[in-house]
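So in the UniProt record's numbering, spot 57 of the sequence shown is number 57, and the numbers just go up one at a time.
Keep in mind that the hints were calculated from the coordinates and are not lab data.
It is possible that some hints are incorrect.
[Claimed, not checked] Cut-off 25 angstroms, straight-line C-alpha distance, at most; resulting in silico cross-link-like pairs (DMTMM-like, lysine to aspartate or glutamate):
(1) 106 / 164
(2) 50 / 107
(3) 50 / 250
[Claimed, not checked] Distance ranges between label pairs, derived from CB positions:
(4) 218 / 195: 35 to 41 angstroms
(5) 102 / 191: 17 to 23 angstroms
(6) 197 / 44: 21 to 27 angstroms
(7) 51 / 242: 44 to 50 angstroms
(8) 138 / 3: 41 to 47 angstroms
(9) 232 / 80: 34 to 40 angstroms
Glycine included, every Cβ here is placed at the ideal spot set by N, Cα and C.
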Amino acid sequence: MLTAVAMFSFMDTSMKLLSAHYPAMQVTALRSLSSLPLLCGYMLYRGAFKTVLRVRWPMHVFRAVLGIAMLTTFAYGLKSLSLAEAYSIFFIAPALITALSVWVLKEHVVAGQWVAIAVGLLGVLVVLRPEGTGFLSLGGLAILAAAACYAVSAISARVLARTDSTESMMFWLLTLMAAGAVALSYNIWVPVRAEHGWILLALALSGFFGQLAITKAFSTGKASIVAPFEYTALAWGVAIDWLLWQALPDGYTLLGAGIIIASGVYLVRREAVHVEAEHP
Numbered sequence: 001m002l003t004a005v006a007m008f009s010f011m012d013t014s015m016k017l018l019s020a021h022y023p024a025m026q027v028t029a030l031r032s033l034s035s036l037p038l039l040c041g042y043m044l045y046r047g048a049f050k051t052v053l054r055v056r057w058p059m060h061v062f063r064a065v066l067g068i069a070m071l072t073t074f075a076y077g078l079k080s081l082s083l084a085e086a087y088s089i090f091f092i093a094p095a096l097i098t099a100l101s102v103w104v105l106k107e108h109v110v111a112g113q114w115v116a117i118a119v120g121l122l123g124v125l126v127v128l129r130p131e132g133t134g135f136l137s138l139g140g141l142a143i144l145a146a147a148a149c150y151a152v153s154a155i156s157a158r159v160l161a162r163t164d165s166t167e168s169m170m171f172w173l174l175t176l177m178a179a180g181a182v183a184l185s186y187n188i189w190v191p192v193r194a195e196h197g198w199i200l201l202a203l204a205l206s207g208f209f210g211q212l213a214i215t216k217a218f219s220t221g222k223a224s225i226v227a228p229f230e231y232t233a234l235a236w237g238v239a240i241d242w243l244l245w246q247a248l249p250d251g252y253t254l255l256g257a258g259i260i261i262a263s264g265v266y267l268v269r270r271e272a273v274h275v276e277a278e279h280p
């Protein structure tokens, strides 16, 4: 998980660098297209193409739509926000996943979990500035929308995983996202400049290896132990912001991030207790 977080931090940095020169939808297309050849090579090595067509197409299309919306709003938010600010808001995703699991997966959520969800949302308000100067920030609201799309996608992935392989889910997500994002950005496409080739290479490698690492993390480790390490992204965000843009998060961002992280860790731990009680 630590490797996955580092890789995704480099991926987000690449997206932020690209978003300064290209439309957000095009950045989404470039993100999907850049990692697709690596994924295809990996699937050939694993012999995973044998079952790639035996999938639940409507669910894959739905996840692709969510993925396009998530990456596009995230890339848009990165235009005006630092990585640390974006991560602080995005950390609300575990709370949203817990809330959605009640209606979609019919899971039982106790009062303490609802309190943690409310506390997490309070943390988001703190990051967005309680005095109002940042609350209506389009960048902040875009990251919040990205977190919501991610939460819905995570719930749909749980449903899809009951019938489809992990490799098929990864392949069709990237393929359909690439096709959709290219089509949607066709009229606004900006020619990719040669000097940005190294950023695209970093985007491809970090996205691919990050996905492999996070899949390995959750398949070999207990979620209650692995998931909290996702919050190390804030440390990466602060370090990269300082190294590349000489920017540091303010007190509101750090306070809000602390509240959101505490809420998320409680929810992950509480979920682990619930799972162990059902399957001792």
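Hint check results:
Distance check on the hinted pair: residue 106 and residue 164 sit about 21 angstroms apart at the alpha-carbon level, within 25 angstroms; holds. About 34 angstroms separates the Cα atoms of residue 50 and residue 107, which puts this hinted pair outside 25 angstroms; it is violated. Between residue 50 and residue 250, the direct Cα distance comes to roughly 51 angstroms. Violation of the 25 angstroms bound is thereby established for this hinted pair. Taking the beta carbon of each, residue 218 and residue 195 are about 37 angstroms apart, inside 35 to 41 angstroms as hinted.
Evaluation of the 17 to 23 angstroms hint for residue 102 and residue 191 yields a failure: the beta carbon distance comes to about 47 angstroms. Look at residue 197 against residue 44: about 25 angstroms separates their beta carbons, and that is inside 21 to 27 angstroms. The hinted window of 44 to 50 angstroms between residue 51 and residue 242 holds, with their beta carbons roughly 45 angstroms apart. For residue 138 and residue 3, the Cβ-Cβ distance of about 33 angstroms falls outside the hinted range of 41 to 47 angstroms, so the restraint is violated.
Checked against the hint of 34 to 40 angstroms, the C-beta distance between residue 232 and residue 80 comes to roughly 24 angstroms, which is inconsistent with it.
In summary, the structure is inconsistent with hints 2, 3, 5, 8, 9 from the numbered list given earlier, while agreeing with the others.
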